[in-house]
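Student: Take a look at the letters that make up each chain.
2 protein chains.
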Amino acid sequence: MNNLREIAKTSVLGNPIRFGIMLYLLPRERALFIDIQRILDITPGNLDSHLRKLKQEGYVEIKKVLVDRPRTMVKITEKGAIETRNYLEKLKSVVSSYYKS
Amino acid sequence: MNNLREIAKTSVLGNPIRFGIMLYLLPRERALFIDIQRILDITPGNLDSHLRKLKQEGYVEIKKVLVDRPRTMVKITEKGAIETRNYLEKLKSVVSSYYKS
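Which chain is which? The protein sequence lines are B and V, in order.
Numbered according to full-length UniProt numbering, the first sequence spans residues 1 to 101.
Numbered according to full-length UniProt numbering, the second sequence spans residues 1 to 101.
Everything labelled a hint here was simulated from the structure, so no lab data went into it.
Don't take each hint at face value.
Pairs of lysine-lysine residues, derived as DSBU-like cross-links and limited to a Cα-Cα distance of at most 30 Å, are as follows [what the hints assert, rightly or not]:
hint	chain 1	residue 1	chain 2	residue 2
1	B	53	V	9
2	B	53	V	90
3	V	63	V	75
4	B	92	V	64
5	B	55	V	90
6	B	53	V	75
7	B	75	V	9
8	V	92	B	64
9	B	79	V	90
Just so we're clear, the structure is a prediction, and the values are computed from it rather than from any experiment.
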């Protein structure tokens, strides 16, 4: 039951767009800003504000890289990966408890 | 991959407190306001504002009932149950895809 309380209190990953960003980064470690924006189908401004929050919380690092031209690269940090896996664990236990009931 | 996009765009259940409320109601169908508030450890005002959003979206019904004294009872609607199960399905597929990778 405390899983419900913890899920309800999840502030950083509790936001669905931030959760989507971290889920996209988790298996890839890094991705271009433009790719995340296309996959989640959100505006650049919206993605930028959520990335700033994730960076402020230490979940991602943001760098400029030269690809075809200067691009923004987003890299998941160790803390970001740990927090995302922990949240997935909580969701997994809550989800599986519903498929048993 | 479109699961990621759908999760990112989940507005009603995308909020962790509303998700916690619906997860609590799903196996019970109904619960007292005071019980939901204690389980999720949130303020009455916070719970009230999220319940109003859930009611506005047709996910719950809110009634006064006489228990020891007049109490607020929250009941999940069919739509609320369907939407919560659908969201759980999406989370389940995203979560299981991470435990396979």
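Student: Hint by hint, note whether the structure agrees.
Tutor: Here is what the structure says about each hint:
1. 53(B) / 9(V): holds, 18 Å
2. 53(B) / 90(V): holds, 25 Å
3. 63(V) / 75(V): holds, 8 Å
4. 92(B) / 64(V): Distance ~34 Å between residue 92(B) and residue 64(V) Cα, so the pair is violated.
5. 55(B) / 90(V): holds, 26 Å
6. 53(B) / 75(V): violated, 35 Å
7. 75(B) / 9(V): Given pair residue 75(B), residue 9(V) holds - Cα atoms ~22 Å apart, limit 30 Å.
8. 92(V) / 64(B): violated, 34 Å
9. 79(B) / 90(V): holds, 25 Å
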